[in-house]
Amino acid sequence: MVKKYDRLLLAGCDTCVAECAAGGRKEVAELAAALQMAFRVAGQEKNITEATVDRQCVHEFLLDVVESAQDRDAVLSLACGAGVQALATRLPETPVFPALNTLFIGETAERGLWLENCRGCGNCMLGLTGGICPVSRCAKNLLNGPCGGARNGLCEINLAKEIIPEVPCAWLQIYDRLLALGEVDRLMEIAPPKDWSYGDASGPRRVVRPDQQA
Amino acid sequence: MSQKITVVLLACRQAVPDPALLAIPLEQGGLKARVIPEPCSSKVEVFQMLRTLAGEADLLWVVGCPEAACQLVEGSFRMAKRVAHAQDYLGEIGLEPQRLGMAQIPADSREALTAMVGDILERARSLGANPGRTPR
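In order, the protein sequence lines correspond to chains V and S.
Taking this note's numbering, the leading residue of the first sequence gets 1, the next gets one more, and so forth.
Taking this note's numbering, the leading residue of the second sequence gets 1, the next gets one more, and so forth.
It cannot be assumed that every hint is accurate.
[Said to hold, decoys possible] Here are the simulated BS3-like cross-link-like pairs (lysine-lysine), alpha carbons at most 30 angstroms apart as the crow flies:
no., chain 1, residue 1, chain 2, residue 2
1, S, Lys43, V, Lys26
2, S, Lys32, V, Lys46
3, V, Lys3, V, Lys26
4, S, Lys4, V, Lys46
5, S, Lys81, V, Lys161
6, V, Lys26, S, Lys81
Think of the hints as simulated: they come from the structure by calculation, not from any bench.
Work out the full structure: start from the sequences and follow the hints.
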């Protein structure tokens, strides 16, 4: 996608994607060097520059990278999809390409391991489930669980393919957590069908806060 | 006019207290050598490896201690993982991953250093100039 452009800017974001070791300052430097070498191997010499801001999704933070893009033919953004779009909005005459595939809202569980823990459903159940989300962490997204497939504390998806570390049954985790809290009686209440209209089923979502507006 | 092959070594100070012991035999072998002392091989980041290969090096070697002897406990272990990651990058972009090497050397071991120098000279002969580095 970018090979036809001679002057490229690689734009990083030093917050979430830096924590994920995917799009921060270091990863921008890695990709810049790797691209430079890849183009040379293909017989092309490119002018590649780098710029990283703290938050590519916030317009006020974008000024440095917008300025760095002024003499560039194209920008390759290592931000999440929100950052790529925020940058593209500020650069109407410069093509902006994504360098990453944004996957999920996750937690850094350990060094080199990120887990999807939130699906942004817009109607949070964590208060009912001991701080463990069944929407994102149960493979079947069950609102009342567990299902019959759990074995030795593990989700049955471990039987279908090797997953390291193995995926625990979220509903058994919820049970253990509520037991420890002395609130296991919460599970006696059947969760009603969820209103998914707060989630991505409703089309493009937005949050409006008049108190924050100018 | 032919140019000398350039090798850059990022070397842990514990493993290689005297950088000249590396640079001299490599240069006697016909290479241009630069040894950069590091506090620990684990301090070498992937972007440094790639930048060095893109900028000046035909070959790059990261030198640390044996894993059990690393003063930072996990330093050599982490270095090996980063080198493997950077080698994957090189393969993906069409460069020989063997341009990036690593060695784990017992502190100041002449024998191990000599063996590593032999490996580097052999690798330089077989791979030649790096087509991905800055044009000379």
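Checked hints:
Proposed proximity of Lys43(S) and Lys26(V) is supported: the alpha carbons are some 13 angstroms apart, at most 30 angstroms. Proximity of Lys32(S) to Lys46(V) is assessed by CA-CA distance (about 26 angstroms); at most 30 angstroms being required, the pair is judged to hold. Distance check on the hinted pair: Lys3(V) and Lys26(V) sit about 22 angstroms apart at the alpha-carbon level, within 30 angstroms; holds. Among the hinted pairs, Lys4(S) with Lys46(V) is consistent with the structure: their alpha-carbon atoms are about 25 angstroms apart, no more than 30 angstroms.
For the given pair, Lys81(S) sits about 25 angstroms from Lys161(V) by alpha-carbon distance, which is consistent with the 30 angstroms threshold. Of the supplied pair hints, the one linking Lys26(V) and Lys81(S) holds, its CA atoms being roughly 16 angstroms apart against a limit of 30 angstroms.
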